[in-house]
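Using the sequences plus the hints, can you model the full thing?
So the sequences go chain by chain: A and B. Numbering follows the numbering used here, in which position 618 of the first sequence is assigned residue number 618; successive positions increment by one, without gaps. Numbering follows the numbering used here, in which position 38 of the second sequence is assigned residue number 38; successive positions increment by one, without gaps.
In short, the hints are calculated from the structure, not lab data. Take the hints with a grain of salt, since some may be wrong.
Pairs of lysine-lysine, DSSO-like flavour, derived with a Cα cap of 27 Å [what the hints assert, rightly or not]:
| hint | chain 1 | residue 1 | chain 2 | residue 2 |
| --- | --- | --- | --- | --- |
| 1 | A | Lys-122 | A | Lys-79 |
| 2 | A | Lys-551 | A | Lys-580 |
| 3 | A | Lys-102 | A | Lys-87 |
| 4 | B | Lys-12 | A | Lys-511 |
| 5 | A | Lys-121 | A | Lys-79 |
| 6 | A | Lys-511 | A | Lys-145 |
| 7 | A | Lys-357 | A | Lys-317 |
| 8 | A | Lys-145 | A | Lys-496 |
| 9 | A | Lys-192 | A | Lys-317 |
| 10 | A | Lys-600 | B | Lys-12 |
| 11 | B | Lys-12 | A | Lys-606 |
| 12 | A | Lys-551 | B | Lys-46 |
| 13 | A | Lys-511 | A | Lys-496 |
| 14 | A | Lys-580 | A | Lys-661 |
| 15 | A | Lys-498 | A | Lys-551 |
| 16 | A | Lys-600 | B | Lys-46 |
| 17 | A | Lys-498 | A | Lys-777 |
| 18 | A | Lys-700 | A | Lys-777 |
| 19 | A | Lys-661 | A | Lys-600 |
| 20 | B | Lys-46 | A | Lys-511 |
| 21 | A | Lys-606 | B | Lys-46 |
To be clear about the criterion: a stretch of chain A counts as covered by chain B if any three or more of its residues have a C-beta under 8 Å from a C-beta of chain B, and this derived list gives those stretches [said to hold, decoys possible]:
| hint | segment |
| --- | --- |
| 22 | 538-545 |
| 23 | 790-798 |
So, partial list: chain B residues that the calculated Cβ filter (under 10 Å) puts toward chain A [as the list claims (entries may be wrong)]:
| hint | residue |
| --- | --- |
| 24 | Val-24 |
| 25 | Val-65 |
| 26 | Pro-67 |
| 27 | Val-96 |
Yeah, the Cβ is synthetic: ideal placement off N, Cα and C, and Gly gets one too.
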Amino acid sequence: MKQQLVVVGNGMAGVSCVEQILKQPHNFDITIFGDETHVNYNRILLSLVLAGEKSAEEIVINDIDWYQTNGIRARLGVKIASIDRDKKVVIDENGGVTEYDKLILATGSSAFIPPIPGVDKKNVHVFRTLDDTRALLEIAQPGLKVAVIGGGLLGLEAARGLQVRGCEVTVVHLMETLMERQLDATGGDYLKRKIESLGIRVMLPQQTAALFGNGRVDGLRFASGEELEADLVVIAAGIRPNAELGRQAGLEARRGIVVNDYMETSDPHIYSVGECTEHRGQTFGLVAPLFEQGRVLASTITGNRGTAFTGASPAAKLKIMGVDIFSAGSIDESLPGVETVRYEDPSLGVYKKLLLKDNQLLGVILVGDIEDEHTYMDWMRSGTDLTPHRRQILFPPREADPGLEVAAMPDSDTICGCNGVRKGDIVQAIHAHGISTLAGLKERTRASTSCGTCTGLCEKLLRAVTPDFQEETRTTLCSCVPFSYEQLRDMIRGQKLKSVEEVLNIYGNRKGCEVCKPALSYLLDMVWCGDHEEDRSARFINDRVHANIQKDGTFSVIPRMRGGVTTPDELRRIADVADKYRVPMVKVTGSQRIDLLGIKKADLPKVWADLGMPSGQAYTKGVRMVKTCVGTEFCRFGVQDSTRAGIELERRLENLFTPHKFKMGVVGCPRNCAEATVKDLGLVGQDGSWQVVVGGAAGKSVRKADLLITVETTEQAMEASDLFFQYYRENANYLERSYDFVERLGIEKIRKETVYATEADKQKLLDRLARSKALAKDAWLEGEAPVSPTQFVQIQPIQNQPREVQTA
Amino acid sequence: MNDVREWTPITKVENIPSREGRAVTVGAAEIAIFHLENRYLTIENKCPHRGGPLCDGIVSGTTVVCPLHGRRFDLESGMAVRASEPSCVATFPTRVEDGIIFVDLGGACQVAEETAA
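What follows is the structure, encoded as structure tokens:
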């Protein structure tokens with residue numbers, strides 16, 4: 001006869017406990033009651049759903065198949081109203097009675113709603129469940145004024161999520177310090193600055209006295225009398241354990257339902273895990289200790305009572321991209337015998353504080369640099385004597401052997417706190433399934449699929465354990481707009497963003513910097529094939545005046561000389577310009593062109609007009625030139641007309657922008673006189689064919705180009721060039737030269753997606769290139785039609801007589 | 001402290017595009033005027049590092065980045081932003097009246113000079 005096990009609560013703690021029970025021999029018939037209508041999902045990730053980084057489906061932990069496969073009755077949307085301990089039954093809201101032999105209470109917690117007048121108004125929400133999240137998403141839209149009450153972990157994550165949706169968000173916090181339970185005043189200040197730099201307003205200390213509005217909320221009134229307009233209010237003022245069910249049944253309960261070290265309540269048939277549970281006077285709200293409770297209870301309930309839950313030192317990490325915050329242990333420095341060790345660098349935004357007692361680590365706060373969190377957690381848990389580490393305690397030496405850190409961890413150490421995956425589980429999975437990528441590891445173990453903060457550790461483990469670990473590259477553009485290039489391209493396309501300002505206002509810190517602004521300019525130009533709102537202020541000076549700035553603030557002018565071929569007329573005009581503007585140096589460049597150095601900004605339009613030649617784009621991340629040899633026209637050895645092909649290639653691609661500068665070469669025979677094999681793109685003439693080579697370099701690094709394809713006709717060579725060129729434009733990161741790009745992706749992948757792609761896919765690449773080309777124009781035409789009246793003109797002061805004005 | 005400011009009229013507001021800077025030579029002084037959302041800020045147009053034209057830099061919030069080597073200065077205080085590169089540029093009080101930008105060229109920021117010493 002099977003025993004009836006009833007679990008009240010279908011959240012992360014309860015279901016994770018059931019998962020642990022299933023791993024052991026047991027004799028249970030399991031029923032899970034959940035008051036939400038959803039299967040078990042990862043509540044920690046709701047902020048990512050809010051921010052649009054994950055869908056609701058992606059955060060499901062146990063889908064409905066899991067319940068069926070394991071023979072678990074899932075009673076979703078059913079709330080348990082009471083427990084009759086004498087009859088050993090639970091009674092649901094509709095009067096349904098379910099018998100139990102063993103009962104697990106995993107009722108979790110609810111959002112605490114402070115008793116403020118007006119919290120019942122429309123558009124006042126909490127942020128606790130998937131339904132709450134969906135409700136917020138329905139209201140959220142660009143420009144909506146949102147007030148988030150509460151500056152803790154959840155409040156800040158909700159604020160960022162809504163801000164990414166384009167809302168104008170203000171965080172209102174009762175205390176003087178954000179996340180005051182995890183941070184001290186200084187750490188809170190650093191956090192505040194970071195949050196503000198993302199474009200979120202922070203008001204503290206600010207006590208909300210009332211929410212006003214006629215039916216629907218219009219704003220907040222503070223105790224100080226000030227008011228804040230708000231179309232939407234999100235309350236994230238903390239959580240309350242749902243202990244009522246247990247309390248009413250007569251179980252011992254204080255803040256939560258009281259359990260001993262084996263997760264047993266005062267009733268021998270009833271157990272409790274999760275946020276509703278109180279252990280040694282403490283309740284827990286973070287996921288790692290809750291999973292630990294589940295493991296302990298699984299042992300207890302399956303007849304292996306012995307493993308004890310001994311509590312956990314609190315550890316918290318903020319899940320906002322670009323804002324690194326870690327806090328663990330005790331941060332109370334007023335305790336007797338506690339020493340603090342501190343480091344801060346305001347410009348870098350880094351703050352570290354360690355609390356020590358008797359040379360052991362008691363607590364840690366890390367802001368801006370959380371690289372060493374595992375070392376500190378390890379020291380804290382193991383009570384390591386830090387005497388030998390004291391001199392380097394703020395910057396523990398990074399292990400020269402990258403595997404050492406993970407090697408030093410015991411198998412029982414939790415790597416992924418969100419999903420309760422331990423080091424031993426990961427190592428076992430890697431061996432058992434031959435995993436060699438992070439993606440594979442994620443799929444198999446769920447490690448690093450949630451908040452992603454253990455990604456680094458998972459990669460270290462993979463690197464240490466797997467002989468053929470393949471790293472994934474995913475770098476964020478910049479802390480102003482901390483997303484990867486892939487994400488940014490999607491956001492720009494998906495949200496139809498047409499200007500740098502829009503991107504920064506919605507996804508960034510509203511300011512941008514010299515790193516991200518030019519990169520975003522490029523992405524917008526590429527995504528919209530030139531049909532975007534160009535913002536000159538977001539571009540480097542070279543791209544504002546179409547010349548290359550020199551060390552003395554003057555500019556260099558290099559006209560286009562296609563294929564390195566010129567005429568006596570052009571040379572005469574160049575000589576005349578050099579005389580007329582007293583050009584300090586005329587130089588033949590390595591690209592078969594002529595450089596006029598030392599031109600004043602104000603002279604640029606006149607110089608261009610006098611030259612009567614188009615821009616050579618020598619100042620920008622764009623198509624530079626095609627270097628050629630004389631080929632069949634004059635050379636005794638030439639087998640292909642490299643000069644003509646080079647000029648044609650240059651005409652096809654000139655005036656376009658690229659992730660980094662793009663240089664080409666065409667040679668008429670394999671002697672390679674114009675060095676085509678060390679260019680971003682080269683055509684190497686052979687008898688009856690062309691080799692198209694890509695990813696060559698002869699700059700900071702030297703690299704021989706890879707062969708993309710060999711083709712028979714010049715026309716085919718042009719098409720292959722177009723395909724690679726556009727593919728590089730669309731897929732390289734900004735400032736990634738073609739040689740790094742080719743190495744990163746591998747030439748085989750590039751071949752498959754360009755020259756060996758389906759005709760339809762090739763045509764799409766070519767169409768987008770053609771659209772860009774149709775809108776591209778010679779930048780030097782702005783000499784005649786400047787984009788602003790002072791683009792080149794030196795401003796002259798209106799008059800030289802100062803006017804005296806009395807100051808107040 | 002100056003009781004009287006000598007406001008020199010410089011140029012029309014529309015001559016300085018949003019989030020860009022422009023250089024103006026007034027007598028012996030070369031200044032760079034920047035246009036930030038509805039206000040104008042003026043600093044000396046010379047990076048103390050290698051003399052770069054700050055007017056040509058990219059604006060980031062209330063800072064400008066020198067186009068030559070990336071030194072960053074706060075337009076309000078004139079101070080270098082990175083503590084590792086201590087230096088500063090002079091700032092000049094700036095106001096707008098009837099669409100004309102006025103700069104007090106005598107009012108070079110004293111804080112900046114003291115810090116530079």
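Hints violated by the structure (numbers, ascending) = The structure breaks hints 14, 15, 18 and 27; every other hint is satisfied.
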